[in-house]
Every structure is written in structure tokens, then in C-alpha cells.
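Its first residue numbered 23, the sequence shown is counted upward by one per residue in the working numbering.
Where hints are given, some of them may not hold.
To be verified - In silico EDC-like pairs for lysine to aspartate or glutamate, Cα to Cα no more than 20 angstroms straight-line: (1) K412 - D558; (2) K412 - E162; (3) K168 - E108; (4) K412 - E280; (5) K412 - D258; (6) K194 - E204; (7) K54 - D102; (8) K54 - E204; (9) K446 - E491.
Said to hold, decoys possible - Pair by pair, the computed Cβ-Cβ distance ranges are: (10) L447 - R255: 35 to 43 angstroms; (11) S63 - L187: 57 to 65 angstroms; (12) E534 - T51: 51 to 59 angstroms; (13) R255 - G532: 57 to 65 angstroms; (14) C64 - E131: 22 to 30 angstroms; (15) E249 - G370: 46 to 54 angstroms; (16) S449 - A578: 28 to 36 angstroms; (17) G132 - F260: 21 to 29 angstroms.
Hints are computed from structural coordinates only; laboratory data are not their basis. As the structure is a prediction and not an experimental result, all values here were calculated from the model. Built from N, CA and C at the ideal position, the CB exists for glycine as well.
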Amino acid sequence: MTTATPRTAPQARRHLWTRCPGCRRTIMTVRKARLEGVCPSCGHHDRLPATDRLAALLDPGSLTPLPFAVRRSDPLGFRDVLPYPERLRAAASATGLAEAVVAAAGTIEGTPVVCAAMDFRFLGGSLGCAAGELLTLAMETALERKAPFVVLTASGGARMQEGVLSLMQMAKTSQALAALDEAGLLTVALVTEPTFGGVAASFATSTDVILAEPGARLGFAGPRVIEETIGERLPDGFQRAEFLLEHGLIDAVVPRRELRRTLACLLRAAQRPAPRPRPAPDPAALVRDPARLDRRDPWETVQAARDPARPGVLDFALYEVPDLVQLHGDRVSGDCEAVVGGVGTFRGRPIVLIGHQKGGGTAERVRRRFGMGTPQGYRKAGRLLRLAAKLGLPVVTIVNTPGAYPGVEAEAHGQALAIAENIKLMSGLPVPVVTVITGEGGSGGALGLAVANRVLVCQNACYSVISPEGCAAILWKSGQAARTAAAALRLDAAELLRMGVADAIVPETGDERPAALAARIGDGIEAMLAELLPMDPDELVADRRSRFRGYGRDAAHRLPSPAHERV
């Protein structure tokens, strides 16, 4: 046995142990490698080489490098301290890569995908002509193969040594991404530490879904540039993933160990697999004749609809869409916890699920504003509706809200505009839309998610233009007349069915378990989708528009034109 010399022993110890940049604790190098570069103490995510990222992301044995070759060039004859070609050779020697982008095809839990990963070690992952071309070729390969595209970003921005030609790569990669949009192919960005400048202002932030690793920074300008420009100290956590999520700019912060599962759920939905055979739901489970419903005091229905136990969208998803991947943020100013949604699988069929969530305990209900959506929530819903249209996925919305949030901040951010945009968007959506009113259906806040081909109403739910209390205060000049107003508004299930606002009622016993009610709601949704799925996009839009065109049709009519105006 040989004994290490004093010179090699410290080197061996350094090889065995590594120090976490986050918490400064030491950890065995081999253990950190098994954890894919994540510190077990503080969760700090180390930067990884692009090849390691792809190997960890794609199924074992499926990774196939795309056959792209790089021809190095120096379009400007650029020289700073070193000539640009020497910098390129040094980066290639240090990393073993030809450029800052590595592209490959493979599968993630069996679903084919095309990926491109950026490597910060190669000139800071900067976007030059070759890097831009590799990214564009990868996207064009995804288009040819009709496969989803996933990009893993890590970049300081556009490459200065290639001047304005580097700037042009922002537009080139963005238009390649637009071609994937036009083809209805899912695009996903995983933002890793750091992603700045031209990459952040192009393809990294214009994909369908933006995920980020914990602590990853994303922004147009770097923090040092910002501080020097504005002369102010930036707040803690500025531009980091958690800050971005809070401000509605990304969909989720996903730890590295959960990334494959999250992507797999998204990719399965994008593939539109054929649904598994299932027995057709019993149509008798739905009530289509109002005479079959027991008469009850409408005010009692209002009280039942307001029961905190009434199911919201996440309560329904727990039983019927267990693989739901929630997407967050309006990509403009924030997120809303009262309106939530995402992509998942309902009884073997991928769907986009959106709805209101009031919450359980008091703290959660306050945080979710008791199910009252904000402009950010309705704009997030709009994002999801457009994603459904792009991917050809049915939309299911779950409505349980007393109404849209009426605060000053909501008005300042355009509450009415956000709801109006959704109503118009849903009117022309080329995919099936089914809405279920599970509790309160309060005014425009409900309708902003309920412009559907088919509307189901739970027996203990209500749907109204205004709350009984509000109606009583305005018309009776007294909130004490709420019971009278509830009866006058005809907001209960039987009346909604009679007026044609509801297509069917989901019956309730009043004491069933949440899973049983969710299953009954699911049966109703499945029955409605069975009616809608055979329709083509034009038929679906015509069906929905005809539905809403019919409400109040007899309230006015067109007069014959005077004789002198007739042609």
C-alpha cells in the first residue's frame, strides 16, 4: 500500500470533499454528485454542465445528440485583451464543447422531446451566431418531428464579441419559437442560474411554460448594472426564482429532483394520447328535468352554496386530476391564488383545468381572498385558455366564487378589462369547454370562467347577477330583505335549469363524502365531453356562440326597413 505524500494528501482531501457556495458547509463530493449538485443542507443548486443536465433529464439510453456541427467564425475581427478566436479555443478546451449550446433528442418518461441546454462555462453561455444557430436548428428539428421543445437556459446575454449579429440571434430564435407555436407544439423553458440579457429577453421568456430552479436569477439587466444605473440597493432576492414567481413572471419553481416528473406530466398532455376505454357514465345521474328536483327555499340554497366545504378546483383535482401541474402568474404583474389552474389528465384524457379556490382554514381563505379573483388571476386563466387552444385540449372550469375581488388594487390593474378579455376569448375558443358551478356563481367573476359549451350546476349551488344582500340593499333599501331577493333572483339549480342557463344538474344527497361528489361531477363532465369531442373547432365555436346568442332573444326584435331603404 502506498502512502500519499504531503503534497498529494490535501489534493485528495479536496477531491473527496466540496464546500457548498450557499451555506458554506462541506459535503462529500460523491454524495453531492448523487444529488445532482444540490446541497442537502440548504438546497443550493450548483450550476451543471449542459451535457450533465441533458443526461439527468432524458430517459437512460434515449439521449441522442443532434447532428449539428459548429464552424467557428470571427465576424468582427474582435479583439479585447485577447483575440476572439483565442477566447473561443480556450472555452472549447476548458469545457470540451464546441459552443455554449448542446442539443439532443430523447424521451422523458417515454414521451419524445427535443432539448437544447446552454452551458454557462462556455463564455458565460453567451448568445452568439453559432449558439443562436444551434438553438434554431434544434427548434426546427422539433418542428420536423412534431415534438415538444424544452430549452434549459444559462446565459449572461448576447455575445459582445459578435456585435449586432449577436443581437439578431434574439429575433432569429424567437421566430423559430413562434413557428412551434403556430404548429401547436408545446414549448418549455427551464431557467437556471443565471439567465440574463438577450436570452432573457427572447426565447427564455416566450415559451408556453416557464419553470425555474430554486434561486435561479432571471432578468434583462444584471443586478450590478441596475444598482450602478439607478444608484439604489436592490432588495434581497431580487430577480431570483422565488421573487419572479411572486410577481407572476414564471409558472413554477421546481427543485431539480422534481423536474423530470413535472416535465413528464406536461409532455403527456401535449401528446394528446387517446383516452383509455371507460364505460359511459350513466346519463340518469344527471338531472335534466327541473321537475325532478325538490323545491327548496332559494335562501337555503345560497347558504348551502356558501358552505366552506363546497368543492373548489383543487378539491376536484385531488380526486379526478391527480397529476395536475399548476401554472402560475399572468406574466405581467403577479399571481392570484383565488384563480388557479394547469394541465393534467382527467380519466385518461389531457385537459386544461381552471377554477376558483376558496381555501380551507381561515388563513388560507384570507390568502385566497375567499375565492374572489383578481385581474392577475383572470389574465392567468386567459394564458391557460390560449394554451388549451394551441394544444387542442378540452377546457374544464370549476366555478365557486362570491364574485371578482372589488379592491382598489384590482381596479387599478384593470379588473373589468381582465374579465372582459376572458369572456371574449372563451367565446371563440376552438376546443370543448365545460363549466361546473360547484358553489357560488357570483356575477361577472363567475362568468369570466363560464362562457362554455355546456354548463353543469351542482344541486346545492347558485348562480346570480348579484348577491341577494347586494340586491336587497339596492332595490329594497335594506339588507334584511336578502331572503326575499334570493327568491326573486331565481338563482337556484331548478330555476337555472328551467331558464336554460344550466344544461344539467349534478344531484347531491347533502351528506356524501367529497370523493363521491367529485366522482359525480366527473361523470357529468365526462358525459358533456362525450357530446362535444366529436365536433370540429368551427362547430364548437358556433355551438357556444349560439348558446349565448339565444339568451334574451325574444326581448327585442328588428323592425322592417322603410320601403325607401329597401334594395
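How the hints compare with the structure:
1. At most 20 angstroms may separate the alpha-carbon atoms for a hinted pair to count; K412 and D558 meet this at roughly 15 angstroms.
2. For the hint pairing K412 with E162, the CA-to-CA distance comes to about 18 angstroms; that is within 20 angstroms, so the pair holds.
3. A distance of roughly 39 angstroms separates the Cα atoms of K168 and E108; the hinted pair therefore is violated under the 20 angstroms criterion.
4. The hinted pair formed by K412 and E280 fails the criterion: a straight-line CA distance of about 26 angstroms is larger than 20 angstroms.
5. At most 20 angstroms may separate the alpha-carbon atoms for a hinted pair to count; K412 and D258 exceed this at roughly 37 angstroms.
6. Straight-line distance between C-alpha atoms of K194 and E204 comes to about 16 angstroms, which keeps the hinted pair within the 20 angstroms bound.
7. Proximity of K54 to D102 is assessed by CA-CA distance (about 38 angstroms); at most 20 angstroms being required, the pair is judged violated.
8. Among the hinted pairs, K54 with E204 is inconsistent with the structure: their alpha-carbon atoms are about 42 angstroms apart, more than 20 angstroms.
9. Among the hinted pairs, K446 with E491 is inconsistent with the structure: their alpha-carbon atoms are about 29 angstroms apart, more than 20 angstroms.
10. Look at L447 against R255: about 41 angstroms separates their beta carbons, and that is inside 35 to 43 angstroms.
11. Between S63 and L187, the C-beta spacing of about 44 angstroms breaks the proposed range 57 to 65 angstroms.
12. In this structure the supplied range 51 to 59 angstroms holds for E534 paired with T51, their Cβ-Cβ distance being about 55 angstroms.
13. Checked against the hint of 57 to 65 angstroms, the pair R255 and G532 passes, with Cβ atoms roughly 58 angstroms apart.
14. The hinted range of 22 to 30 angstroms is satisfied by C64 and E131, whose Cβ atoms lie roughly 29 angstroms apart.
15. Range check, E249 to G370: Cβ separation about 52 angstroms, and the 46 to 54 angstroms hint holds.
16. Roughly 21 angstroms separates the CB atoms of S449 and A578, a value that falls outside the hinted 28 to 36 angstroms.
17. As the Cβ distance of G132 to F260 is approximately 39 angstroms, the hint placing it in 21 to 29 angstroms is violated.
Of the numbered hints listed earlier, those contradicted by the structure are 3, 4, 5, 7, 8, 9, 11, 16, 17.
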